[in-house]
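Peer 1: Now for the letters of each chain:
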Amino acid sequence: MNPGELVEYMRAARPGFGTGEPSLTAVMMNVAAGAPENPVEDRLCDCVEAIAAAGDRAAFAELFEHFAPRLKAFVMRAGADPETAEELMQEAMIAVWRKAASFDRSRASASTWIFTIVRNKRIDRFRRASRPQIDPAEVELMTEAVETPDMIVARGQAEARLRDSLTSLSEEQISVIRKAFFEDKSHSVISDELGLPLGTVKSRIRLALARLRLILEPES
Amino acid sequence: MIAHHPPLELLFDYAAGVSAESASLLAASHLVFCRECRDRVARIEALGGAMIDRLPGEAPAAGAFEAVLGRLDEPEEILPQPEFDAVTRTILPSPLRDYLNADLKDLKWRRRSLVHEEVPLGRTEDGAKLTLLKIHAGKGVLNHTHKGEEFTLVLQGGYSDADGHYGRGDVAVGDPSVTHRPVADPGEDCICLTVVQGPLHFTGLVGRIINPFVH
Ligand SMILES: [Zn+2]
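Protein chains in written order, with full-length UniProt numbering: chain A, 1 to 220; chain B, 1 to 215.
I should point out that these hints are in silico values taken from the structure, not numbers from a laboratory. Hints are supplied without guarantee of correctness; some may be wrong.
Stated by the list, open to error - Covered stretches of chain B, as calculated for chain A (at least 3 residues, CB under 8 Å):
id	region
1	29-41
2	46-56
What the hints assert, rightly or not - The calculated lysine to aspartate or glutamate pairs, modelled on EDC-like cross-linking and capped at a C-alpha distance of 20 Å, are:
id	chain 1	residue 1	chain 2	residue 2
3	A	Lys99	B	Glu83
4	A	Lys99	B	Glu77
5	B	Lys108	B	Glu77
6	B	Lys105	B	Glu83
7	A	Lys99	B	Glu74
Just so you know, even glycine gets a beta-carbon here, dropped at the ideal spot from N, CA and C.
If we strip away everything but chain A, and leave its shape as in the complex, we get (with noise of 0.2 Å):
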């Protein structure tokens, strides 16, 4: 069976599964937070905590249709070849039904968290030395540096105005923080590449993230 005939098989067992409607918690979430609706989005963060409540397999179904061909793509652009690239969406789909029960839609949507553990993945691949981990339970020890409720929420009020966003982009912009994501490059590697100075492209990030509205507007 395919993601999409296993999502069309619960269809048809339970009436309005998939039919794209966002939960009552997801639209109640984004109206006290006063961000724009994102219908999909909250599907895709619904599917991820159906399969973390019950181990549902339609909603996986649902997030492999969305997400598998864009993890691949996001492997390739980094330079993998189609097989390996194959094999690194597989694993990473497989950890995102592992991991499922870690995910918290107050922090993070559904795309950038299943973006952290793909990062991951070419990561542990393609380095030599995998990516250093951060313990949780020991964050939660310091009390002062626990984030604040307000951040979280300001943070989701950001990401969900992020995608309309990004369109305010300059193309110089863009370029730069495409090659950071999707070809494996730091600052100083594009600062190389493009001909340009560090310091340019340092700007250049600032200045997009500031237009996000992700940073405060530099100072400069």
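Let chain A serve as the given structure and place chain B with the ligand on it in line with the hints.
Peer 2: Chain B with the ligand in isolation, oriented as in the chain A frame:
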């Protein structure tokens, strides 16, 4: 409260998953102490999520979904977690102790002067030199400048220099144009992790004859 954060570009590269090993280690270790930077990293990760969402897809191989479904219930390989003693857990943040994979008591401190000691930790895969530095409580060490970028993360105690005071979790960024003379807070030895990309250069006559500047 954290007063000194790593530069934004370091956090950005870490969030995008493109930073070198030394930078990742420094960023991750700072994040254990700093909610502001965890928030910054999470905001940059949100950009990653939005970028992935806009990516034109590559079709999965035929039968990919069935292959993945068939593996969902495979038992997960759980790697044994290394155990560390209480002192190590108190002083070293999790990314750093995982990297060192040793208890603090097993590290060999080397006396560099009357007032400071070091444990050389070798180089990361990108060639950066890692060192644990201990400055005795209330003492100052000599002027030096740094060739190449240097970062210092405070792990225990604190110190002051011309730029201000640095406490646990703070990150100082070395600037080759600045000479500084860190003085440890009284009462407790100051332990720091230093990450240096190039060779250290001592300055001044006193420095050249390798005498420590002792307070
Ligand atoms: Zn910070």
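Peer 1: Take the hints in turn and mark each one as holding or not.
Peer 2: Now for the hints, and whether the structure bears them out:
Proximity of the region 29-41 of chain B to chain A, defined as three or more residues with a beta carbon under 8 Å from a beta carbon of that chain, is established by the 9 residues found. Beta-carbon proximity to chain A at under 8 Å applies to 11 residues in the region 46-56 of chain B; the threshold of 3 is reached and the given coverage holds. Of the supplied pair hints, the one linking lysine 99/A and glutamate 83/B is violated, its CA atoms being roughly 23 Å apart against a limit of 20 Å. Proposed proximity of lysine 99/A and glutamate 77/B is supported: the alpha carbons are some 13 Å apart, at most 20 Å.
For the proposed pair lysine 108/B and glutamate 77/B, the alpha carbon gap of about 34 Å is over 20 Å, so the pair is violated. With a CA separation close to 14 Å, the supplied pair lysine 105/B and glutamate 83/B stays within the 20 Å bound. In summary, the hint linking lysine 99/A to glutamate 74/B is supported, as the alpha carbons are separated by about 14 Å, within the 20 Å threshold.
In terms of the numbered hints stated before, the structure departs from hints 3 and 5, listed from lowest to highest.
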